[in-house]
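Participant: One letter stands for each residue in the lines below.
4 protein chains.
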Amino acid sequence: MKHEIDLKHYQIRTDLAIDTINEKTKGIKVKTTTLDDIKITNVVIEPEGSNIIKKKEGNYITIEFKDVTDTHNKEKVREVFSNELKKLLEICGIKEDDSCLIIGLGNAKSTPDALGPLSINNVLVTNHLFEYGDVIDGYRRTFAITPGVMGQTGIETSNIIISVIKEIRPHFIIVIDALASQSIERVNRTIQMTDTGIQPGSGVGNSRKEISKDVLNVPVIAIGVPTVVDAVTIVSDTFNYMYQHFSYMKEKINDPANKLKTNINYLNETIDVKTEDKESLMGMVGNLKEEEIKQLIFEVLTPIGYNLMVTPKEIDFIVDKLSDVIGNGIDYALHKNIVK
Amino acid sequence: MKHEIDLKHYQIRTDLAIDTINEKTKGIKVKTTTLDDIKITNVVIEPEGSNIIKKKEGNYITIEFKDVTDTHNKEKVREVFSNELKKLLEICGIKEDDSCLIIGLGNAKSTPDALGPLSINNVLVTNHLFEYGDVIDGYRRTFAITPGVMGQTGIETSNIIISVIKEIRPHFIIVIDALASQSIERVNRTIQMTDTGIQPGSGVGNSRKEISKDVLNVPVIAIGVPTVVDAVTIVSDTFNYMYQHFSYMKEKINDPANKLKTNINYLNETIDVKTEDKESLMGMVGNLKEEEIKQLIFEVLTPIGYNLMVTPKEIDFIVDKLSDVIGNGIDYALHKNIVK
Amino acid sequence: MKHEIDLKHYQIRTDLAIDTINEKTKGIKVKTTTLDDIKITNVVIEPEGSNIIKKKEGNYITIEFKDVTDTHNKEKVREVFSNELKKLLEICGIKEDDSCLIIGLGNAKSTPDALGPLSINNVLVTNHLFEYGDVIDGYRRTFAITPGVMGQTGIETSNIIISVIKEIRPHFIIVIDALASQSIERVNRTIQMTDTGIQPGSGVGNSRKEISKDVLNVPVIAIGVPTVVDAVTIVSDTFNYMYQHFSYMKEKINDPANKLKTNINYLNETIDVKTEDKESLMGMVGNLKEEEIKQLIFEVLTPIGYNLMVTPKEIDFIVDKLSDVIGNGIDYALHKNIVK
Amino acid sequence: MKHEIDLKHYQIRTDLAIDTINEKTKGIKVKTTTLDDIKITNVVIEPEGSNIIKKKEGNYITIEFKDVTDTHNKEKVREVFSNELKKLLEICGIKEDDSCLIIGLGNAKSTPDALGPLSINNVLVTNHLFEYGDVIDGYRRTFAITPGVMGQTGIETSNIIISVIKEIRPHFIIVIDALASQSIERVNRTIQMTDTGIQPGSGVGNSRKEISKDVLNVPVIAIGVPTVVDAVTIVSDTFNYMYQHFSYMKEKINDPANKLKTNINYLNETIDVKTEDKESLMGMVGNLKEEEIKQLIFEVLTPIGYNLMVTPKEIDFIVDKLSDVIGNGIDYALHKNIVK
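Protein chains in written order, with our numbering: chain A, 1 to 340; chain B, 1 to 340; chain C, 1 to 340; chain D, 1 to 340.
Treat the hints as calculated values from the structure; they're not laboratory data.
Incorrect hints may appear among the rest.
Below, simulated BS3-like cross-link-like pairs (lysine-lysine); rule was C-alpha separation at most 27 angstroms, straight line [to be verified]:
(1) K31(D) x K95(D)
(2) K321(B) x K109(C)
(3) K109(B) x K109(A)
(4) K321(D) x K76(B)
(5) K76(A) x K74(C)
(6) K213(B) x K166(C)
(7) K56(D) x K209(D)
(8) K166(D) x K209(A)
(9) K166(C) x K209(B)
(10) K109(B) x K109(C)
(11) K86(B) x K166(B)
(12) K74(A) x K109(D)
(13) K74(B) x K39(D)
(14) K109(B) x K95(D)
(15) K66(A) x K336(C)
(16) K31(C) x K54(C)
(17) K29(B) x K76(B)
(18) K313(B) x K313(A)
(19) K321(A) x K313(B)
(20) K74(C) x K39(C)
(21) K336(B) x K74(D)
From chain A, some residues computed to sit far from chain D (all C-beta separations above 10 angstroms) [claimed, not checked]:
(22) T25
(23) T41
(24) K66
(25) E96
(26) Q244
(27) K274
(28) E279
By construction, the Cβ of each residue, glycine as well, lies at the ideal position given by its N, Cα and C atoms.
This is chain A alone, in the form it adopts within the complex (with noise of 0.2 angstroms):
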């Protein structure tokens, strides 16, 4: 029966290491700390756990939090997001002088896309206050530059950024750039650091050439907000919340307990939901592996021709907010006599 429907190789890609590693595996490990309600993953990939899920070895730092409209909490995220990118620049070995270039990755007219470019206006860039010999104690050289999109420049962005590379020959790179999630409810509430590079595009479906230490020679720390999620994905998701929903309410609707309640979460409890829900609730999809129905969404939705993305209304306002903690936490880690 399930050949009816073609299943040939589907993957999301994702830019999120936390979606996809697994801590009991050979050669990594996870380190988990928590800060009132923000969560911050550790994860280092060690080359026998770099072949098992095919990730590249290095430093994945992950910051989980709910809220930065919220001017207190946006604080706090921006002080937790500097003080892991100071520990990634010193495993990294960079020292005190050494120069960096930022790069704002995506398109600046396109609002969750905008997240790279929009860093860049908040960043703090010194190098020609060096030239012109202005520049205080504390404070180390800085570039930045906005290589735009293919669609806008008709170039290449990797070529764009390695011939600027080239000619200004940082000590060491910070890339910035909005991801696509595999997760509505990581969507603006998550902020991943690396120390393993990058390759611009590779979220929406396009293998580019790779910004990382490999190729460059210098370290190359890229940083990653996710801001959209694709429709394959709302969908997905969405299934999943049908099946604890439907397990829930099977077994709380008839206790008395629950008939007073009014807003019953089901998203409070944990939620053991049966492989005989699933089918019963859902049929021949019930039977789908995860990967077999994201497959078969995708596939559905692919004539339709529509380049769909998933975003929250209020997306212009809070990527506003996250380009501030990026931009701002850049600076508190990069320039130690900034005084807040």
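With chain A's structure known, arrange chains B, C and D on it following the hints.
Facilitator: Below, chains B, C and D alone, put in the same frame as chain A:
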């Protein structure tokens, strides 16, 4: 079993008349014209039809098109839109020198909701020129306001509008708004005009005071373009596509003629989806009616607390073009002496 | 000879009280405080003084500062501004839970005129939250509007404002506007607050309806920042600098002590410009009084038909920072429970 | 007496060839055409002329017009600009399918300096479409970049440009930049094109690396529009207007024929300003040559430390229209199959 899921009444609001109209209903007249690949649907709802479908009596004109990011096509859409608006002005008894207040509803800071304010940027405002004695023949007096949304002003938008109308007493009103759609395929590809007025915010779940001739005693023409679908729509649309895809595959996949075809596209065929197919594919869910499915998805997504919207990736670019079409189209319809 | 030039009455408008006030006048009280390099001038014009200098009686507070593009300095200016505004609210008898309408005057599409609308973007709007029952203690009801300018709306701005006020009936009003200055040195370096209200557009030569307690029966606090000087001011200021420069040079240039100095700066010295120096430097023009010179420049520039303004090159950047100061400063003054 | 003022050499930079060219000079050929109220000046500077006026040999085309905020006039200016650019491409030996890199110089965040980046937004970029195999006949390969300014990137703009050029190796280059003007009347009313290249930032006092055929070995066409004059220019222009006004008044004011006239306008008359008039009006200053006056104003304004620019109030609106003219004009000149 079905009762385990509490199906309290839920109905997604939509502002597109075309989504709810059945031309066989008594008291509803439908006329369709095609111009190249632009389709114009004129619907007149008479009192009898109004009672049956619970939609206000009046004229509803819908223009469906492919793509306004193509310059040539954009110009054709603008022309069709302008002509239809001119006809509607005549139907409403608007005279050549009647003054017009043009209102751009929505939040200029949120891309898919910015259609109204952006269109206003492209609209010719003349009233103050008349005051200065500057205006040449063939132009009427126009005013324009962008009242913002309640989240920006703290004020019910209708209240701002009504108080300004009392002050300037225009002969008629044009209101521009971004709408929600009940269908992915209509997003950014449809313009609707009606002389029945508008309820600001009605597409996003709030029932606000009406802007209409009934309330204001002057003709009100509402122009709307669907720029978003909500997450419920994308999931339920996907269910429908899955049924079609499944039925199509079941029938075609073993047909030897298809063995060599790539990109088999179920959308090009008329597919008769059988109830038993729905059930075997989707189990219990396959037994639900469309409205029940939407209700279920709505309930399941609500606890995630996310205010999700689905838009194409190019939304910033498309809304920009659409606001050109609307703004310039209004100018050509309102002022007889504008030379192209 | 003088009569060959027709000096009909011409007076450049300015909205800065500090430009026209002489503290020796009867019925005018002036108090100056200094906080680091921020200077605060409190002027009270009593009825007697009001008659003499033809300026409305009331309170005028002027804050003069160096530079808000420096983060540290910006924060200090914000604090001083916030405190002075709080005091003015008390003087006006505003109670803790009185509701406030905040109005951002000006054209958001023209950088130096965008201060009002940009400040509104940074202001906390709460009224709708009260309606939803969401607001915590220590916040008052606030509303905000950006009524645009006549060139955008076709409507007298005062009329929009007055009709909205009638509708929502706030307890008091704060109006924010960009001003013209009569002095290059004040541009972007001064905030003025007054409880005497404002005439929208009065700085640019149009006399419009007043927004004031006299007209509206509720307290109106006007906050203004000069962001432009006009071409007449830049030329007449330059004349004055030329006199000072000339007198200074005549005296100093032959002083052997100056032989080794570079960058001799006449601005650091108190220079007594003699009438005969003016005359020998500038001939007939040197005999004219300041107002006559301005009249002459105005006449001479009028036929060029250019609507010129003078701003610093960094105006976009500075207005952005100033709108942060104004927007956040208002929040801190209005809501007692905002935590920094 | 004059020597008391130290007149060290000072020369305001300007990027408009037309401001410095004298058609009687040997080795300079000037041809002027008029089309309605658009004036086109073609200047060829030959080696001999180049030596005399210290300006690079090559072609300089200047288009002077009245107003691009008028839709009809804007379209005419675009057409003239497009045709002149086409001719210049021919003169430079550009072939139909030569690839072109279009560079928008300037700071997108500062309105009068944003002409370059804004024009790039309106320019058709095709190279990536060729890569995908999408392009139809009659289009050439185009690339576009907006390298930002040194204050944003920390990098010498020329260095970014040169490294990108090395990477993509276009057949020729078009550079768009906002210029400073030495005359109020030219601001926003002139387009200059030249095949002699450009020095990024040369109009604002910095001498940077040249972008020219000499350096890059491919043709470089520079397109510039003056969008600002500096404060020195506005003051010295006013001095000249004062002389004219004074001479005119002296002659006309006692003429009985003028008694009934209002709005006497000295600009409509050819006025012969006598040296003694200058002296009696302006004393010592009236004796200075234009360059000496500019030097004096420059010295006098320098200590104020202000980076002042003079622009019309409508600059945001005008730059928007001008970038349409430049962007679309380039498209029509570059791609033969674009249909209007």
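Participant: Does each hint hold? Answer for all of them.
Facilitator: Hints, verified against the model:
no., hint, in the structure
1, K31(D) x K95(D), "26 angstroms, holds"
2, K321(B) x K109(C), "19 angstroms, holds"
3, K109(B) x K109(A), "13 angstroms, holds"
4, K321(D) x K76(B), "23 angstroms, holds"
5, K76(A) x K74(C), "22 angstroms, holds"
6, K213(B) x K166(C), "23 angstroms, holds"
7, K56(D) x K209(D), "15 angstroms, holds"
8, K166(D) x K209(A), "18 angstroms, holds"
9, K166(C) x K209(B), "18 angstroms, holds"
10, K109(B) x K109(C), "14 angstroms, holds"
11, K86(B) x K166(B), "25 angstroms, holds"
12, K74(A) x K109(D), "25 angstroms, holds"
13, K74(B) x K39(D), "33 angstroms, violated"
14, K109(B) x K95(D), "45 angstroms, violated"
15, K66(A) x K336(C), "26 angstroms, holds"
16, K31(C) x K54(C), "20 angstroms, holds"
17, K29(B) x K76(B), "26 angstroms, holds"
18, K313(B) x K313(A), "14 angstroms, holds"
19, K321(A) x K313(B), "21 angstroms, holds"
20, K74(C) x K39(C), "14 angstroms, holds"
21, K336(B) x K74(D), "21 angstroms, holds"
22, T25, "38 angstroms, holds"
23, T41, "33 angstroms, holds"
24, K66, "32 angstroms, holds"
25, E96, "18 angstroms, holds"
26, Q244, "42 angstroms, holds"
27, K274, "48 angstroms, holds"
28, E279, "44 angstroms, holds"
In this structure, the hints that do not hold are numbers 13 and 14, in rising order.
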